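Undergrad: Residue-level listing of the chains:
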Amino acid sequence: MACFKMIGTALIISSLGAWGLSGARGIGKRTEELRDLRFAVAFLEKEITYMHTPLTRALERTARMCQQPVSALFLESARRLKAGKGLTAGEAWMSGLESLNIKSNLQSGDLEILATAAHHLGVSDSSDQKKFLVLLQEELKVQEEKARQEQAAKQKLWSYGGFIMGIVIVLLLI
Amino acid sequence: MSAACEMDVLTNEIFPILPPVMRKMFLRADWKKVGNIEEIRMRCNQPLIIRDSEHEYGLDPRAGVTADINKSYRVNGEDIMRTIAAISDNSLYAFEEDIRKGFITISGGHRVGLAGQVVMQDTHIKSIKEFSSISIRIAREIRNCASGVMNTIYSPADKVRSTLLVSPPRCGKTTLLRDIARLLSSGSRQHKGLNVVIVDERSELAGCYLGIPQLDVGPRTDVLDSCTKAAGMIIAVRGMSPEVIITDELGRKEDVDAVQECLNAGVSIISSVHAGTIEELQNRPLMKGLLESRAFKNIILLSRSRGPGTIDKIVRWD
Numbered sequence: 001m002a003c004f005k006m007i008g009t010a011l012i013i014s015s016l017g018a019w020g021l022s023g024a025r026g027i028g029k030r031t032e033e034l035r036d037l038r039f040a041v042a043f044l045e046k047e048i049t050y051m052h053t054p055l056t057r058a059l060e061r062t063a064r065m066c067q068q069p070v071s072a073l074f075l076e077s078a079r080r081l082k083a084g085k086g087l088t089a090g091e092a093w094m095s096g097l098e099s100l101n102i103k104s105n106l107q108s109g110d111l112e113i114l115a116t117a118a119h120h121l122g123v124s125d126s127s128d129q130k131k132f133l134v135l136l137q138e139e140l141k142v143q144e145e146k147a148r149q150e151q152a153a154k155q156k157l158w159s160y161g162g163f164i165m166g167i168v169i170v171l172l173l174i
Numbered sequence: 175m176s177a178a179c180e181m182d183v184l185t186n187e188i189f190p191i192l193p194p195v196m197r198k199m200f201l202r203a204d205w206k207k208v209g210n211i212e213e214i215r216m217r218c219n220q221p222l223i224i225r226d227s228e229h230e231y232g233l234d235p236r237a238g239v240t241a242d243i244n245k246s247y248r249v250n251g252e253d254i255m256r257t258i259a260a261i262s263d264n265s266l267y268a269f270e271e272d273i274r275k276g277f278i279t280i281s282g283g284h285r286v287g288l289a290g291q292v293v294m295q296d297t298h299i300k301s302i303k304e305f306s307s308i309s310i311r312i313a314r315e316i317r318n319c320a321s322g323v324m325n326t327i328y329s330p331a332d333k334v335r336s337t338l339l340v341s342p343p344r345c346g347k348t349t350l351l352r353d354i355a356r357l358l359s360s361g362s363r364q365h366k367g368l369n370v371v372i373v374d375e376r377s378e379l380a381g382c383y384l385g386i387p388q389l390d391v392g393p394r395t396d397v398l399d400s401c402t403k404a405a406g407m408i409i410a411v412r413g414m415s416p417e418v419i420i421t422d423e424l425g426r427k428e429d430v431d432a433v434q435e436c437l438n439a440g441v442s443i444i445s446s447v448h449a450g451t452i453e454e455l456q457n458r459p460l461m462k463g464l465l466e467s468r469a470f471k472n473i474i475l476l477s478r479s480r481g482p483g484t485i486d487k488i489v490r491w492d
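Those protein sequence lines, which keep their order, are chains A and B.
Residue 167 in the working numbering sits at position 167 of the first sequence, and the numbers go up by one each step.
Residue 192 in the working numbering sits at position 18 of the second sequence, and the numbers go up by one each step.
Because the hints were derived from the structure by calculation, they are not lab data.
Here the structure is a predicted model, which means the values were calculated and not measured.
Built from N, CA and C at the ideal position, the CB exists for glycine as well.
It is possible that some hints are incorrect.
Label pairs and their calculated CB-CB ranges [what the hints assert, rightly or not]: (1) B:Ser307 <-> A:Arg25: 41 to 47 Å; (2) B:Met181 <-> A:Glu138: 48 to 54 Å; (3) A:Lys131 <-> B:Pro194: 53 to 59 Å.
If you want the footprint, here are the derived chain A segments under chain B, 3+ residues with CB under 8 Å [unchecked claim]: (4) 54-64; (5) 77-83.
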């Protein structure tokens, strides 16, 4: 009987602990994604301002340079532009954001910052494009810092919290 | 150009750059009564205007083509924005140089003129922003329109005589020059094909898009696109060993000097100049000097008396 109790205790603590750890990792993901996004925007900025690559191709190349789920934003916007249904860059960008929203851990605030790009993308000369893309990177960096601070506090709570909750349940059951 | 061919050009090259609302109207309208469309003009909050060689028309959203432009569809800011997005492939930053010149040449060699708020830097135009007007000029290729003048251009010794086309604007100088380039470059049974260089300052002769001629200028033709005439003529002689140089609208002193230089190098020049008559031309000191130097052996006067491209008179100076 004691043996069963031991196994049950171990199971409860480890499963809740694992749940807590995966939750903690989820918080870390948002920071990672924000960083990936910032790098991707930097790449896009170079493509646009130095190489003068047409937007559709610049978006495709950016998508190839970054990882999932961030690549979804660039891939989807490029796909929409390529379809050639008289869509503007802004509209294509917004539908890219929708598909990013589904796949990522980003929060609405992060997406709102990205949405501001819709008004500027591709519709001005390269010095203007540079200005707004640099600004976008800075804003993403601020979000990233905030996310990192939040992450440190929450990650601890989640990773310990899972185990503690497991122990509490075991104590109550015993 | 036949009506069917004309429609093809419109549906493949012009309609795709129009905003969806306007594209639908253009596709639905009946164009039988309208001649070859030369120009489509969009001005913010003003009626849409379409021009053929003689008249202007509006496009009523319900009734289609109309002669009363007040009934025409009113272009709004969004239409302009969408057209510019489509023309520039959503990448206006890649067309800075073109915008500074005031137009973008699109696939097919058609020219899209732009107006709006101009951003100045010192005395130069830096850019145009807040676009308010778009004028789409449809490039027209009329094959063999120059066959009538070719026998005056070739001399009996199978050389090319330097030729100056003289006419007021919109008489078909550019179209004629383009066809002369094509015919000289292609050659024929009697004449071998020649190396031709086109110095195309305004991207009108060859209609280059991304540097590649969109209009047929012949198999032995090199194009210096959006290059100033004087500089272009000199580097052409240096680098491309042309037998004929073709360029549009001489006007400045540098151009005339470059023409002399090329003639001294044994290259023939075929060019054009704005003027109604030879007398008018001689009233301009620069042109008077050029004529008196006998640089050009042929002067061809064009008018619109029997439609654009009517050849009024050919004057031989040799």
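Undergrad: For each hint, tell me whether it holds in the structure or not.
TA: Hints, one by one, checked against the model:
| no. | hint | result |
| --- | --- | --- |
| 1 | B:Ser307 <-> A:Arg25: 41 to 47 Å | 56 Å, violated |
| 2 | B:Met181 <-> A:Glu138: 48 to 54 Å | 51 Å, holds |
| 3 | A:Lys131 <-> B:Pro194: 53 to 59 Å | 31 Å, violated |
| 4 | 54-64 | holds (count 4) |
| 5 | 77-83 | violated (count 1) |
Comparing the model with each earlier hint shows violations of hints 1, 3 and 5; every other hint is respected.
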